[in-house]
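So the chains spell out like this:
Protein chains: 2
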Amino acid sequence: MERVVFFISDSTGITAETIGNSMLAQFEGIPFSKHRLPFVDTPQKAAEARDRIRRSFEATGVRPIVVNTMASLELCEIVAYSGGLMLDVFAPFMGPLERELGVARTGLVNRSHGMVDFAKYEARINATNYALSHDDGISIEYQMADLILMGVSRSGKTPSCLYMALHYGVSAANYPLTDEDLEGGELPARLRPYRDRLFGLTIDPQRLAQIREQRRPGSRYATLEQCRQEVGRAERLMRAEGIPSLNTTHVSIEEIATKIFETFGIERTLF
Amino acid sequence: MERVVFFISDSTGITAETIGNSMLAQFEGIPFSKHRLPFVDTPQKAAEARDRIRRSFEATGVRPIVVNTMASLELCEIVAYSGGLMLDVFAPFMGPLERELGVARTGLVNRSHGMVDFAKYEARINATNYALSHDDGISIEYQMADLILMGVSRSGKTPSCLYMALHYGVSAANYPLTDEDLEGGELPARLRPYRDRLFGLTIDPQRLAQIREQRRPGSRYATLEQCRQEVGRAERLMRAEGIPSLNTTHVSIEEIATKIFETFGIERTLF
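Quick mapping for you: the protein sequence lines, in order, are chains C and U.
The numbering used here applies: residue 159 is where the first sequence begins, and numbers increase by one.
The numbering used here applies: residue 159 is where the second sequence begins, and numbers increase by one.
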C-alpha cells in the first residue's frame, strides 16, 4: 500500500524534503509517493494545500503524512485541518532554542534556501564557474584552487567538483590522468606545486567499464582491460606519491565531498 | 557573543545541517560558529565527538548547541554527556510515524545522502553530464531535454541547470540568446519545436553589468548600455512568444529550480 507524503513549506521545501526523506528512509520496504508543496506563504495557498491533502485522503482512504516547515502558526493551523498526520519539523526545538539563546524566534518565512547572504551566494556561483573552467586539466590556474581532484576519466571528478562548488563555495579543480601521465608513473609536473591540495578518486574497473561503455559503446576506452590498466596505474601513482584517495564505486557525491572535507580538515558548512 | 553549533550525524551530516540552518535562521543577529561532525557511527567516534563538544563548552563557558541526526540510541546517549543542548531531530517524529505506518523504524545508519538507489543516482549523474554538454546552445539534442533555459549570457542559466540535474536528475539544456537571436526578435528556429519546454531567465541590467564586469573588466559586453539592450530585447522576446520567465536578481538557484518545477508541474522530489 503506497503511502502519500506531502512536504509543505513557505519557501522551497528543501528542508522539509531533506528531513522527511531521512525519516522515511528508516522505514524500508514501504513505497512512498512524495509531493512537494512549496511557497505556501498566504492563507489562500495554505487553504489550497489543505484541500489537496484532504482530497488525497479521501481518494486513497489512507491518512497522508505531512512534513511541515512553515514558520507561521496561522498557516500551520489551516493545514492541520487537512486530516493528514502533521509532522511540524521545527515545533519541538523552537522552545528549547529560544530559552537557550534568550530571544524569541522571528517567525519569518524560512529563507534558508533563498539568497540570504549575497556574498556567500556569489562565492557559490564563482566557485561553480571555477569548477566548470577547470574541468579538463588544460587550464592551469591551480593557485586559485582550494583542492584538486585527480583520477582517470569517469571516476567521478566532475560531479564531485560541481557539488562542492555549488553547495560549499569550494573551488575544486579537476585533473584527468592521461595515458601519458600514467605511463610516466610520476605526479604530472604541473600538479607538483599543489601536492598538499591533491585528492585522488578511484573506482572499480568493472564499474568504470560500464560507465565508459554507456558513453562510447564498443570503444577501446571502455574495455575492461583498458580500465583495469588505467585504474591500476592510477592507484599505484597515488600510493607512491602519498596522495589521499577514495574509491567512489559505492559512494555518492555527498559522501565524497564530506570525506574530502574531513581529509583536509575543511569545516566549510552548507550555504 | 558567538554561539557554537555542532551538526552531528552517522552519515554525511547534510540533513542535520539543513534543518539546523533553517532553525537558526529564525534567530537573526546571533552569530553562530558552525561545525559538522560527520560519519559518527561507532562508540569510539561518538566519544570523540562528545569530548570535542565538551572542550568547546569548557573553552567558551557557553553551552554548545548540538543538532543530532544519529539513528543509534546508544550513540546518542554517549554524545548527550557532552553537556551541549541536544536537539535530536528525528526523536519527536519517530513514534508517530511508527504508529501511523504500523512498523518499527530500522534504526540503521541514515543513508539518505548515500548511494541508496543506484538507478536514481545514475540518473543524477547522467543529467549532470547532459547539462554540461548542452551548456552552449551549440549541441542540439534538445529532444532529450526535460526543459530548456533561455536567457542572455550570465543570467543564471548554467548554475540552475547544474543544480536541477545534480539534485533532481532533470536534464536541462541551456540556450544563450545571442545578439543575432535578439536582433531577429523571434524565437530561434532550433528552439521552436520545443516551445512547451522553454523557460526564460532574466535579470536586472545593473546586476548583470556587475557580474559581467567581474568576468571581462572594461569590455563592451559588460557595459550597462549593452546589458540594458540585451535584457530589454530578451524580455520582449519572451513576452511576445509567451514563454514563462523569472527575474533571477534576488533569487537563489534553489528557488529558481522550485519555481520552474512549479511552472511545468514537475513534481520531481529530491533524490
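The reader is advised that the hints may include incorrect statements.
For chains that are exact copies, the list does not tell them apart, and a pair is met inside one copy or across any two.
To be verified - Below are the SDA-like pairs computed for lysine to any residue, each with C-alpha atoms no more than 20 Å apart in a straight line: (1) K203 to M252; (2) K417 to L345; (3) K417 to Q368; (4) K417 to D304; (5) K278 to E256; (6) K278 to R426.
If you are wondering where the hints come from, they were derived from the structure by calculation, not from laboratory data.
Verification of the hints:
no.: 1; hint: K203 to M252; verdict: neither (24 Å within a copy, 28 Å between copies)
no.: 2; hint: K417 to L345; verdict: neither (22 Å within a copy, 46 Å between copies)
no.: 3; hint: K417 to Q368; verdict: neither (25 Å within a copy, 36 Å between copies)
no.: 4; hint: K417 to D304; verdict: within (15 Å within a copy, 32 Å between copies)
no.: 5; hint: K278 to E256; verdict: neither (26 Å within a copy, 39 Å between copies)
no.: 6; hint: K278 to R426; verdict: within (12 Å within a copy, 27 Å between copies)
Consistency note: the structure conflicts with the earlier hints numbered 1, 2, 3, 5.
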